[in-house]
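Undergrad: Sequence:
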Amino acid sequence: MKKIVLLGILIGYSIFGVAQSNNFVIFKAEITNKNTDFISIRDNKKVYKKIQVNKDGFFKDTLNVKEGFYQMYDGVEVTSLYLKNGYDLSLKMDAKKFDESIVYTGVGANENNYLAQLTVEDSKIDYDKIFALKESDFNTQIEEKCKYDLAKLESSNLDPAFITLLKKQIEGTKMGMKQYYAEAQKKLLLNNTMSAPFDYLNFKGGNTKLSDFKGKYVYIDVWATWCGPCRAEIPFLKKVEEKYQGKNIAFVSISVDVQKDFEKWKKFVNEKQLGGVQLFADKDWNSDFMKSYSINSIPRFILIDPTGKIVSADASRPSNPKLQEQLDALLK
15 MKKIVLLGIL
25 IGYSIFGVAQ
35 SNNFVIFKAE
45 ITNKNTDFIS
55 IRDNKKVYKK
65 IQVNKDGFFK
75 DTLNVKEGFY
85 QMYDGVEVTS
95 LYLKNGYDLS
105 LKMDAKKFDE
115 SIVYTGVGAN
125 ENNYLAQLTV
135 EDSKIDYDKI
145 FALKESDFNT
155 QIEEKCKYDL
165 AKLESSNLDP
175 AFITLLKKQI
185 EGTKMGMKQY
195 YAEAQKKLLL
205 NNTMSAPFDY
215 LNFKGGNTKL
225 SDFKGKYVYI
235 DVWATWCGPC
245 RAEIPFLKKV
255 EEKYQGKNIA
265 FVSISVDVQK
275 DFEKWKKFVN
285 EKQLGGVQLF
295 ADKDWNSDFM
305 KSYSINSIPR
315 FILIDPTGKI
325 VSADASRPSN
335 PKLQEQLDAL
345 LK
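For the sequence shown, the numbering used here assigns the number 15 to the initial residue and increments by one for each residue that follows.
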């Protein structure tokens, strides 16, 4: 759950503010060990601008923006930005260390260094441990964290507009985490109950049912071609599939793409050479199987035992080392 405090909430408030006329952001960077040849500046999940990074990891560009929070993507890595016309911002970063290496200089540096440091601090929090607490203890910890973050921000002497926006994000994060906790508790109630069935079209032809895997563990990935976080898990999923090849487990990916994107899904599966069992849900989000698990966001991972009983209705992602720890214990 790294970056949950900033990235989970800053997206959605990206365009809050008023653009200043006849002014721009000058944004330049030196990136060591760059992940890609292009970085993307996104605004509320939409690509605002793609900027080419030269072979030495350098770029410079001007942006006319509405004041507020944005996200900068370097491959699957992402960091938050606060942009305001009139800024002259320089970034130095080692993409192998990413968050820990980010340093800004120039006009607007103080606000963006503050964001970068918040992300580093947030990554040190064991959210899995917090979400495992009973409700009263969970609420206490979340309220204390919110109080601490607000007090620190109030004493920061940063741009008042930045402080106002970030205060909204901190309060929004608190509410979002409480909502996430409530949903997680509902998912826990599904564990150790029998899974709802499915009967979906298989990429290789015909239909495949959950009952076809009786006698095996089943690790299910609910995803869609348009989902960035879903696609980011694909390389990790391929490695997990490779590690447990020949073991008593089936890896099943179920797409919730809408029917009109059926051919797009087939093309994606083929071009990306996706492994495991690739299925297409009959009614996307409205499929009975999706409803039974109350799936309203993706990616979502589910682990089912050889009898059809749910081991975890919200299993660890392939990128989380805890998944392999769990599978090693089950498949030994």
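Where hints are given, some of them may not hold.
The calculated label-pair distances, taken between Cβ atoms and stated as ranges, are [to be verified]:
id : residue 1 : residue 2 : range
1  : E149      : G120      : 41 to 47 Å
2  : K200      : S169      : 37 to 43 Å
3  : E168      : G289      : 49 to 55 Å
4  : T46       : E168      : 45 to 51 Å
5  : K278      : K63       : 20 to 26 Å
6  : N262      : G186      : 19 to 25 Å
7  : L203      : A175      : 28 to 34 Å
8  : I40       : L202      : 32 to 38 Å
9  : K230      : D75       : 39 to 45 Å
10 : K228      : E168      : 37 to 43 Å
11 : N58       : V117      : 24 to 30 Å
12 : I139      : K182      : 16 to 22 Å
No farther apart than 25 Å at their CA atoms in a straight line, the calculated lysine-lysine pairs in the DSS-like style are these [unchecked claim]:
id : residue 1 : residue 2
13 : K60       : K74
14 : K336      : K201
15 : K305      : K278
Simulated from the structure, these hints should not be mistaken for lab results. The beta-carbon is built from N, C-alpha and C at its ideal position, and this holds for glycine as well.
Undergrad: Give a verdict on every hint.
TA: Hint-by-hint comparison with the structure:
1. Taken as a hint, the range 41 to 47 Å holds for the pair E149 and G120, whose Cβ atoms sit roughly 45 Å apart.
2. A beta carbon spacing of about 38 Å between K200 and S169 agrees with the range 37 to 43 Å that was offered as a hint.
3. One distance hint, 49 to 55 Å for the beta-carbon pair E168 and G289, holds here, with the actual separation near 51 Å.
4. At about 35 Å, the beta-carbon gap between T46 and E168 misses the expected band of 45 to 51 Å.
5. A C-beta distance of roughly 25 Å is found between K278 and K63, which places it inside the suggested range of 20 to 26 Å.
6. Evaluation of the 19 to 25 Å hint for N262 and G186 yields a failure: the beta carbon distance comes to about 44 Å.
7. Judged by the Cβ atoms, the range 28 to 34 Å given for L203 and A175 is violated: they are separated by roughly 43 Å.
8. Distance hint check: the CB atoms of I40 and L202 are about 49 Å apart, inconsistent with the given range 32 to 38 Å.
9. Hint check: K230 to D75, Cβ distance near 51 Å, so the stated range 39 to 45 Å is violated.
10. A C-beta distance of roughly 58 Å is found between K228 and E168, which places it outside the suggested range of 37 to 43 Å.
11. About 26 Å separates the C-beta atoms of N58 and V117, a value consistent with the hinted range of 24 to 30 Å.
12. Distance hint for I139 and K182: a CB-CB separation of about 21 Å, consistent with the stated range 16 to 22 Å.
13. With a CA separation close to 21 Å, the supplied pair K60 and K74 stays within the 25 Å bound.
14. For the suggested pair K336 and K201, the alpha carbons sit about 18 Å apart, so the restraint of at most 25 Å is met.
15. For the hint linking K305 to K278, the alpha-carbon distance of about 24 Å falls within 25 Å, and the restraint holds.
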